[in-house]
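Chain A is fixed; fit chain B onto it per the hints.
Protein chains: 2
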Amino acid sequence: MSVGAANFVRRIPEGEDRERLTCAECGFIAYENPKIVSGSVVSVDGRVLLCRRAIEPRRGFWTIPAGYMELGETVEEAARREAQEEACADIALDGMLALYSIARIGQVQVMFRARLASPGFAPGSESLEVRLFSWEEIPWDDLAFPSVHWVLNAWREAGPGPLGAPRTNPTEDRRGTRPLTEGA
Amino acid sequence: MSVGAANFVRRIPEGEDRERLTCAECGFIAYENPKIVSGSVVSVDGRVLLCRRAIEPRRGFWTIPAGYMELGETVEEAARREAQEEACADIALDGMLALYSIARIGQVQVMFRARLASPGFAPGSESLEVRLFSWEEIPWDDLAFPSVHWVLNAWREAGPGPLGAPRTNPTEDRRGTRPLTEGA
Chain A
1 MSVGAANFVR RIPEGEDRER LTCAECGFIA YENPKIVSGS VVSVDGRVLL CRRAIEPRRG
61 FWTIPAGYME LGETVEEAAR REAQEEACAD IALDGMLALY SIARIGQVQV MFRARLASPG
121 FAPGSESLEV RLFSWEEIPW DDLAFPSVHW VLNAWREAGP GPLGAPRTNP TEDRRGTRPL
181 TEGA
Chain B
1001 MSVGAANFVR RIPEGEDRER LTCAECGFIA YENPKIVSGS VVSVDGRVLL CRRAIEPRRG
1061 FWTIPAGYME LGETVEEAAR REAQEEACAD IALDGMLALY SIARIGQVQV MFRARLASPG
1121 FAPGSESLEV RLFSWEEIPW DDLAFPSVHW VLNAWREAGP GPLGAPRTNP TEDRRGTRPL
1181 TEGA
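Chains A and B supply the protein sequences, listed in that same order.
According to the numbering used here, the first sequence is numbered sequentially starting from 1.
According to the numbering used here, the second sequence is numbered sequentially starting from 1001.
No lab work stands behind these hints, which were simulated from the structure alone.
All clues stand as given, with none of them false.
Listed below are the simulated EDC-like cross-link pairs for lysine to aspartate or glutamate, each with C-alpha atoms no more than 20 Å apart in a straight line:
| # | chain 1 | residue 1 | chain 2 | residue 2 |
| --- | --- | --- | --- | --- |
| 1 | B | Lys1035 | A | Glu16 |
| 2 | B | Lys1035 | A | Glu77 |
| 3 | B | Lys1035 | A | Glu19 |
| 4 | A | Lys35 | B | Glu1070 |
| 5 | B | Lys1035 | A | Glu73 |
| 6 | B | Lys1035 | A | Glu70 |
Restraint-style ranges between C-beta atoms, simulated for each label pair:
| # | chain 1 | residue 1 | chain 2 | residue 2 | range |
| --- | --- | --- | --- | --- | --- |
| 7 | A | Pro170 | B | Glu1016 | 31 to 41 Å |
| 8 | A | Pro119 | B | Asn1007 | 47 to 57 Å |
| 9 | B | Glu1016 | A | Ala117 | 24 to 34 Å |
| 10 | B | Gly1072 | A | Gly60 | 25 to 35 Å |
So these bits of chain B aren't anywhere near chain A, every CB distance computed over 12 Å:
| # | residue |
| --- | --- |
| 11 | Asp1045 |
| 12 | Val1048 |
| 13 | Glu1056 |
| 14 | Arg1131 |
| 15 | Glu1157 |
| 16 | Pro1160 |
Yeah, the Cβ is synthetic: ideal placement off N, Cα and C, and Gly gets one too.
Extracted from the complex, chain A is given alone in its bound form (with noise of 0.2 Å):
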């Protein structure tokens, strides 16, 4: 994170091996640290539901329900409320899809796979529209995110039975650094 305070410089504490932001006055470290983002594929009889993002960055691309955890929350709790809020969908998580880190954003996003708990679907105050689609369907080209093509072929790949090994970065983008403008 960034804090706004103007008294925090970047410097090398005593004992640490990298600058850290540091107020100037009382010596306090501001640690910054990557961020959890926690989604998940919502399947409905074959269709994965996508919501059309309201906000930026990427407003008008399509996504799946995900968004920063909170403190306080466990990670699936933070899936299930993020599809709350964005497609006013209640949400049952059946395990995990994949783990993600975004070096280039500091973000470690976790992926599960989920159903509807309880039928019904609507935009949240986030989203402009959320929907089902086939996998024939996909707005592939119209995609917020390179992880959202990312995990809707992990969800692909794993089927419908149990879930191995949760999947992590493709090889073509190791470390997650790859520049948005260059696709998925």
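Okay, now just chain B, sitting in the frame of chain A:
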């Protein structure tokens, strides 16, 4: 995270649903997010590598090599770096054993299964001692954290073969909210 600057207050920003650490002067929001710990169960000929902590919390107790992920690295790189720092061990990961949410302290712990990539290990600056334990020798009463119990059991149950879906919190502490003093 916490911020040391005295002008930060907790209040609900416009358009949000919960209190955020906010600069009373400029309105800057310092988002506080869960932190990611990355660690590994490193085994050599069926014995597990444990480190006796030289630092608080839980100085003197045994743990696996694990620590906070840094910005700009992947979870796998973080696990390898921590093994290097705490046990001077060069490790190779072979899959994810577990993903734990410790809601009580705002942590997500990603746990890998690993082996030594090159021979040798020694205490790093944060360890008093590093050694290999057979399953029967593991000092269960002197382990530093509940999740060390959890992941050692996950490692044992996984056996040496291909890893399936990662474990999550055990049923007795589903959200990671049990006080540390209640034991594992």
